[in-house]
Structures are given as structure tokens and as C-alpha cells.
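Enquirer: Here are the chains, one letter per residue:
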Amino acid sequence: MRIIDVHGHWGPWPFHMDVGDARLNLELMDRYGIEAQIVSASEAVVLDAEAGNAALADVLAANPRLYGYAVVNPRRLERAADEVRGYLASGRFVGVKIHTTYARAPIGSPQMAEAFDLVDELGVPLLLHTWGADVALLPELLAARPRLRVIVGHAGGDAWREAAHAAAACDRLYLEHCRTVPDAGRVAYARAAGVPIERFLFGTDSTLIDPCVALGVVRDADFSDEERERVLWRNAVDLFGPLG
Amino acid sequence: MSADWLTRTADEHIALDVDVLFGPWPSGPADLGLDDVRRRLRRSAIRRACAVSTRGALFDAAAGNAETLRAADETLVPVGTVDLRDAVAAGDLLDGLVEQGVRFVRLFTQEQGAEPGHPGHRHVVAEAVARGLVLLHDGDPRAFGPVLAGRGAEVVFLDLHVYLLADFLLLARDEPGFRATTRLLSAPDAIERVAGTVGADRLLFGSRTPFMDVSPQTLRLRYARITPDERRLIAGGTAARLLGREG
Numbered sequence: 001m002r003i004i005d006v007h008g009h010w011g012p013w014p015f016h017m018d019v020g021d022a023r024l025n026l027e028l029m030d031r032y033g034i035e036a037q038i039v040s041a042s043e044a045v046v047l048d049a050e051a052g053n054a055a056l057a058d059v060l061a062a063n064p065r066l067y068g069y070a071v072v073n074p075r076r077l078e079r080a081a082d083e084v085r086g087y088l089a090s091g092r093f094v095g096v097k098i099h100t101t102y103a104r105a106p107i108g109s110p111q112m113a114e115a116f117d118l119v120d121e122l123g124v125p126l127l128l129h130t131w132g133a134d135v136a137l138l139p140e141l142l143a144a145r146p147r148l149r150v151i152v153g154h155a156g157g158d159a160w161r162e163a164a165h166a167a168a169a170c171d172r173l174y175l176e177h178c179r180t181v182p183d184a185g186r187v188a189y190a191r192a193a194g195v196p197i198e199r200f201l202f203g204t205d206s207t208l209i210d211p212c213v214a215l216g217v218v219r220d221a222d223f224s225d226e227e228r229e230r231v232l233w234r235n236a237v238d239l240f241g242p243l244g
Numbered sequence: 001m002s003a004d005w006l007t008r009t010a011d012e013h014i015a016l017d018v019d020v021l022f023g024p025w026p027s028g029p030a031d032l033g034l035d036d037v038r039r040r041l042r043r044s045a046i047r048r049a050c051a052v053s054t055r056g057a058l059f060d061a062a063a064g065n066a067e068t069l070r071a072a073d074e075t076l077v078p079v080g081t082v083d084l085r086d087a088v089a090a091g092d093l094l095d096g097l098v099e100q101g102v103r104f105v106r107l108f109t110q111e112q113g114a115e116p117g118h119p120g121h122r123h124v125v126a127e128a129v130a131r132g133l134v135l136l137h138d139g140d141p142r143a144f145g146p147v148l149a150g151r152g153a154e155v156v157f158l159d160l161h162v163y164l165l166a167d168f169l170l171l172a173r174d175e176p177g178f179r180a181t182t183r184l185l186s187a188p189d190a191i192e193r194v195a196g197t198v199g200a201d202r203l204l205f206g207s208r209t210p211f212m213d214v215s216p217q218t219l220r221l222r223y224a225r226i227t228p229d230e231r232r233l234i235a236g237g238t239a240a241r242l243l244g245r246e247g
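Here the protein sequences come in this chain order: A and B. Counting from 1, one number per residue, gives the positions in the first sequence under my numbering. Counting from 1, one number per residue, gives the positions in the second sequence under my numbering.
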């Protein structure tokens, strides 16, 4: 069974853990049978997008099973367009990641509106960290940006119900459920709300979170074999292309 | 490449789960009665569970305790509770639980709006510790840990998030009775760090069935780089010892 992880990270975190080496990404991928992983640099997410993206480019060059998200800080958009275009042209970066919390730029903020415009223009998938009820704003924001396709990272976190209804209302929203707190019933709720199987993606938050946490959610979701394949890799290939 | 994770193995079997609830939960997607909870435990290969009625957590501690005791059998170990909003008579309630053989008392500070230093919380903790009861404690260990320290208390923190691990280890170093569940220790090295510093006997399996998916938690335990003996302690050995039911 193929597995493509669309929500990974490379690099250390400011918590009591030692997970910053790319060798750990690969060790965990091997342990669970994950073929490819799309990662963003933790430094780019938490501190300095430009420096983190540059460091990740070197890591991707040495690790062909890892692909990259170029992180965009919605508060530092001046140079982001040129920078991200350069990374995407390399072929090793395949999308954009935006973390709304560290930049303190909620989904409905003016900064995020400009960032959405940029990713819409770039035409690549956006992995968006979502955590809260503002995830419900996404269908309206995407309606004005026809090329924008958004992976709803963490499926809204605590606001997983709101995320499910948002995804049911917009066919360019993809739910990805990785999270430390594995609330029961999230996948079933989203399916009952009308999100088709084609818009669930598999992500782990590895190496911040062990991939087995997200795999456990997949196991408990009781997918059919065909549905599980869609979630674990086919939907990712449909969104990103063959990755490899 | 391996898809072994899809099939549950014996390394995921749980002898005793310390965090299980049953009954109505108005903010949840559905109310989950005993039958459904038992079905979920069976499906997850959880042999026995320390369970508490939600009635006691949210509405009526005495009635909830009675409901919990009625549900007890060879698979469900009763957990008592005291309402922190009505702590004056906690002693009598705890005496009744002790007479019934209850060893674990669960506190619901979040649902009941109790914070560290609140008189009701302080009183209930003192009464429980005086009776030698084990506290199953929700909330942030950084905030409640210092309040619970220095009493010789046996405490199992039920909400230890991996981001708070360093604070827990600092607390546990000085408090031999402080333990935590593995539910939110999601990092690839979190369980291993606890086992390698303060010891695996400081961790217990607590799934929060029926509110959480269980496979993410059992898989983390299965793949943790710990010894089989350490895994057995976490999967129920230490909980059984705290209950006074070795093995």
C-alpha cells in the first residue's frame, strides 16, 4: 500500500523533544511504509520563512523522498513571490505552507487576503494551518480566487465540525486530520456533512508528531480498501502530480 | 515499506485503561452509553477500564457515583468523583467511596471551573489524600502540579500534552507519586523520554474512550522504543498496582 504524507516538517521544535534530523523523517517513513513526504522547515514556520526555506532546499537536494512546501509569512509578502517562484521552479518544492498562528494572521485578516491572492496566482496547493472557527471563512475566500486549492491542515483543530462544513461547501478544500488530540468521529462527521472521499488527504505533522498517530486515525475511520487508498495516496497524486 | 500498522498486534493490547467515561455529554456529537463504550473497548483490545459516569462529572456527584458502581463488573473498575463546585461535603462522599472499595477519584476541574488554589479544589485534594486515594486529575500539570506537590499524593495527570513534557519531568523528579497518561505524548520520542528519565512506571495508558480514537494511542505504545516490561507497566501494570490488584 502506498502512502504519501502531505503534512510533514523537517527541523527542530522548541519543545522537549529531539526530532530535527532529516534521518528521523526517513526512519519513521520506513517504519510505517510512507513513500514520500511533503515537508516545511520548522524554522520557516516558527521564526524566519526565508532562512528556513533556504535551509530546507539543501535538505531536499539530499533526500529525494522528501518534497517541500515553501513557507510564506503573510506579514512578509514583499519578497515572497519571487522567492517562492524560484523554489517551485526547482521542482523540489511543490506547494506553499502558511501557518496562521505563529504569524498571528487569522484566516480573515487583510494579511491573509494578500497571501491567498499570491498563492492563487502561483497556482500550487496551499497547506494552511487551521485552528479555530475562522476555518468557516474559507469557502467565501476561495470563491474569489479560482485557482486556489487549500489543504485544511489539522482540519480546523478544535473546530473540526466547522472545517467539515467548509469542505462540504467548496470543492477546492481538502481535509487533513493530523493532530495530537485524536477526537473520535472527525472523519465520520465530515463524510456525513458531505465531504467526498476524494477530498481527504493523509498528513502526519511528522516529525513533531509520530506518524502512527495519524495512521491510527485512518485505521479507526473504517475506510474500505478503496477509500483508504484514496486517502493515503491517490488523492495526493491527483492534487500534486506523481511526486517522483 | 510496511503497512503492519493496519493490523492490531499484541503489543497494542491494554490490560487496564485509566481514562474511560460513559453517559451523556451535551457538547459532544452523541451521548455514549455503557453498551457502546464496552463495544469500543472490546474493539480496541482494552481488557479492563477504570470508568466514571458523566453524570457525576457534570450534574450530580452522588448519583453519578452510584451509577458508576452499578456499572462495575469484571471489565469496568469504578472511579469515583466529587464535584469541586460543592466541596463542603467531600469527606462524607469520599468515605462512602472508600467503603465501596473505590481507589481512584477523578476530578473535573475544566468542566467545573476549578483553578489551582481555589478553596474547593484544595479541600477535595486534602480529603482524598488523607484517605489514600489516587487522584485522576485533568487540566494543565504545570498549573495543578505545584498545588498537588508536597503532600505525598498519588496523582495521574490525564491531560499531559507533549508540549508540556519538560515541566512534567521536573515535577515528577521530585514527586514520586506523580504520573501521567500517554494519550497526548505524540512525539516520536516522548514515551521514551519519560521511561528513560523518571521511569516507565510513571506512565499509564488512558484512552479517554469514547471521546478519542484509540488506535493512535495504542500504535504509539506499540512502536515506542521501550522494553516489553516497560510496555506492560504502561498498558496496565502500574494501574493495577495502584488499584491494589497486581497483575
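No lab work stands behind these hints: they were computed from the structure. For clarity, every value in this text was computed on a predicted model and none was experimentally measured. No residue lacks a Cβ here, since even glycine has one placed at the ideal position from N, Cα and C. A portion of the hints provided could be inaccurate.
Stated by the list, open to error - Using C-beta positions, here's what the derived DEER-type ranges look like:
1. 39(B) <-> 89(A): 45 to 55 angstroms
2. 23(A) <-> 131(B): 46 to 56 angstroms
3. 61(A) <-> 151(B): 52 to 62 angstroms
Enquirer: Next step is simple, just say for each hint if it's right about the structure.
Expert: Do the hints match the structure? See the list:
For the pair residue 39(B) and residue 89(A), the beta carbons lie near 53 angstroms from each other, so the given range of 45 to 55 angstroms is met. The beta-carbon spacing between residue 23(A) and residue 131(B), approximately 51 angstroms, falls within the hinted interval of 46 to 56 angstroms. In this structure, residue 61(A) and residue 151(B) meet the distance hint of 52 to 62 angstroms, their C-beta atoms being roughly 56 angstroms apart.
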